[in-house]
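Protein chains: 2
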Amino acid sequence: MTYCLGLLMESGLVLAADSRTNAGLDYISSYRKLFDFSIQGERILYILTSGNLSITQSVINLLRQDLADGSENLQTVPTMFSACQYIGQILRSTEERDRPILEKDRIDHRVSLIVAGQFRGEDPALYLVYTQGNFIQASEETPFIQIGETKYGKPILDRAFNYHSSLQRAALCGLLSMDSTMISNLSVGSPVDLVIYAKDSFKTTHRSRLQETDPFWVTMRRTWQKSLKSAFDHLPELPLD
Amino acid sequence: MTYCLGLLMESGLVLAADSRTNAGLDYISSYRKLFDFSIQGERILYILTSGNLSITQSVINLLRQDLADGSENLQTVPTMFSACQYIGQILRSTEERDRPILEKDRIDHRVSLIVAGQFRGEDPALYLVYTQGNFIQASEETPFIQIGETKYGKPILDRAFNYHSSLQRAALCGLLSMDSTMISNLSVGSPVDLVIYAKDSFKTTHRSRLQETDPFWVTMRRTWQKSLKSAFDHLPELPLD
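First to last, the protein sequences are chains A and B.
Residue numbers for the first sequence follow our numbering, so the first one is 1 and each next one is one higher.
Residue numbers for the second sequence follow our numbering, so the first one is 1 and each next one is one higher.
Honestly, the hints are just simulated from the structure, not real lab data.
Hints are not guaranteed to be accurate.
One copy or two, either will do: identical chains are not told apart, so a pair holds if it fits within one copy or between any two.
Straight line, CA to CA, 25 Å or less: simulated SDA-like cross-link-like pairs of lysine to any residue [to be verified]:
#1 Lys229 - Phe135
#2 Lys203 - Ser29
#3 Lys199 - Gln57
#4 Lys199 - Pro236
#5 Lys203 - Leu238
#6 Lys229 - Phe216
#7 Lys229 - Phe81
#8 Lys226 - Glu141
#9 Lys104 - Thr79
#10 Lys199 - Gln85
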């Protein structure tokens, strides 16, 4: 399984991705699911992937191939919207090629992509691209997009994150959402790729790869667990008959 | 959708069920999903239901019918285990009758039941009965069972509940798990049926039906939201480059 997450704020973007992949519980391995197509100083563009690994890897490789020799590629598309159209097109042709063969053996061919970044002249933007190559955009009212194992990590976002959160707070929210998912689903696992982007900087503000033994990750988990315990102790007593 | 939850502790049981049912977003109604087959002072037995409403209602009605005229019924079965066997049998015959007709119209025929209680001479017990009529039992290591919309409410249980929790704490955990699910999935809704049972009392310790406007529910939500905010404020700063 996979859990990837994009958060859109007025102050920028936070992206997080786990890196565990499994084809059955006896074949678990680690793959990167966050890909950087930015030109630092110029345009910021990240793609996060979930779903059928052969299809997402094909898409990423075709996107890279076009960078070398395509007339249209992620460095020439003029807007985030056209980037998503172009990525959707590549995804459609890959699905068209592989889907019938995968379906014959009942292998799930579906994928989801998060596309996030900022192009000059535009605000930061966050998109969800579906298997079918169509896509939707996050907004102030719906400021986060999750793909993969999305449910365990949603309550903390519903409760603690919104479009006006600071970059620091959004990053903590994202990591706690990731942590909740990792606790409840063993097939979502570290290391966690984290990207923070401050609006209009056109440079990746922060990028790290957190192992489960990372001192910050360990302290964050412990502090959160302690705070939850204390939050429990401060709940009102349930009036029993 | 539905969310029902059973918690097993060394000190007893906590059960909670929402009461919203939907067949599509334009047909939402309220149904009870927690059914009491206890003989107070004698044996405690609750059934919580999720899945196809016509099938779960059939099962509950057949169980009630047998109480009046069945040679075997929930008042004559000698153990919790045999109660589950008997309930599973009723479920199997209902599925056998209705499944082919439902499948013809691609209507989901699946159901899940939680069976919880205590019989004289036994410890409190908590079972999950599947569509197929087979069942599994909760244990000290796996002390909770969820049915319906299970994912949103799982992280809080993973973090804050275990077999040694007090009845009071388990009830709060269960209500917060319900609250997280109701925030993240609009088709899970109040009123929430809550049952608390103290081991070896053979009487329902507490039973209530919480509306969203219930003063306790409102205070609990507000206190929890405030505590989460403060928990966030106490998290370590993410070290940014």
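Hint by hint, here is what the structure shows:
Taking the shortest Cα distances, Lys229 and Phe135 never come within 25 Å of each other, neither inside one copy (41 Å) nor across copies (33 Å). In the homo-oligomer, the alpha carbons of Lys203 and Ser29 never lie at most 25 Å apart, since the shortest distance is 31 Å inside one protomer and 51 Å across protomers. With identical chains, the CA atoms of Lys199 and Gln57 are never at most 25 Å apart, being 29 Å at best within one copy and 55 Å at best between copies. Only between protomers do Lys199 and Pro236 lie at most 25 Å apart by alpha-carbon distance; the minimum there is 24 Å, versus 41 Å within a single protomer.
When the C-alpha separation of Lys203 and Leu238 is checked against a cutoff of 25 Å, the pair qualifies only between copies, where the shortest distance is 19 Å, while the shortest distance within a copy is 51 Å. For the identical chains of this complex, Lys229 and Phe216 are neighbours both inside a copy (20 Å) and across copies (20 Å), given an alpha-carbon limit of 25 Å. When the C-alpha separation of Lys229 and Phe81 is checked against a cutoff of 25 Å, the pair qualifies neither within a copy, at 44 Å, nor between copies, at 35 Å. Taking identical chains as interchangeable, the C-alpha atoms of Lys226 and Glu141 lie at most 25 Å apart only when they sit on different chains, with a minimum of 22 Å there against 31 Å within one chain.
Neither within a single protomer nor between protomers do Lys104 and Thr79 lie at most 25 Å apart by alpha-carbon distance, with minima of 38 Å and 48 Å respectively. Taking CA atoms no more than 25 Å apart as the test, Lys199 paired with Gln85 passes inside one copy only; the shortest distance there is 23 Å, against 61 Å between copies.
Going down the numbered hints, you'll see the structure goes against 1, 2, 3, 7, 9, while the others check out.
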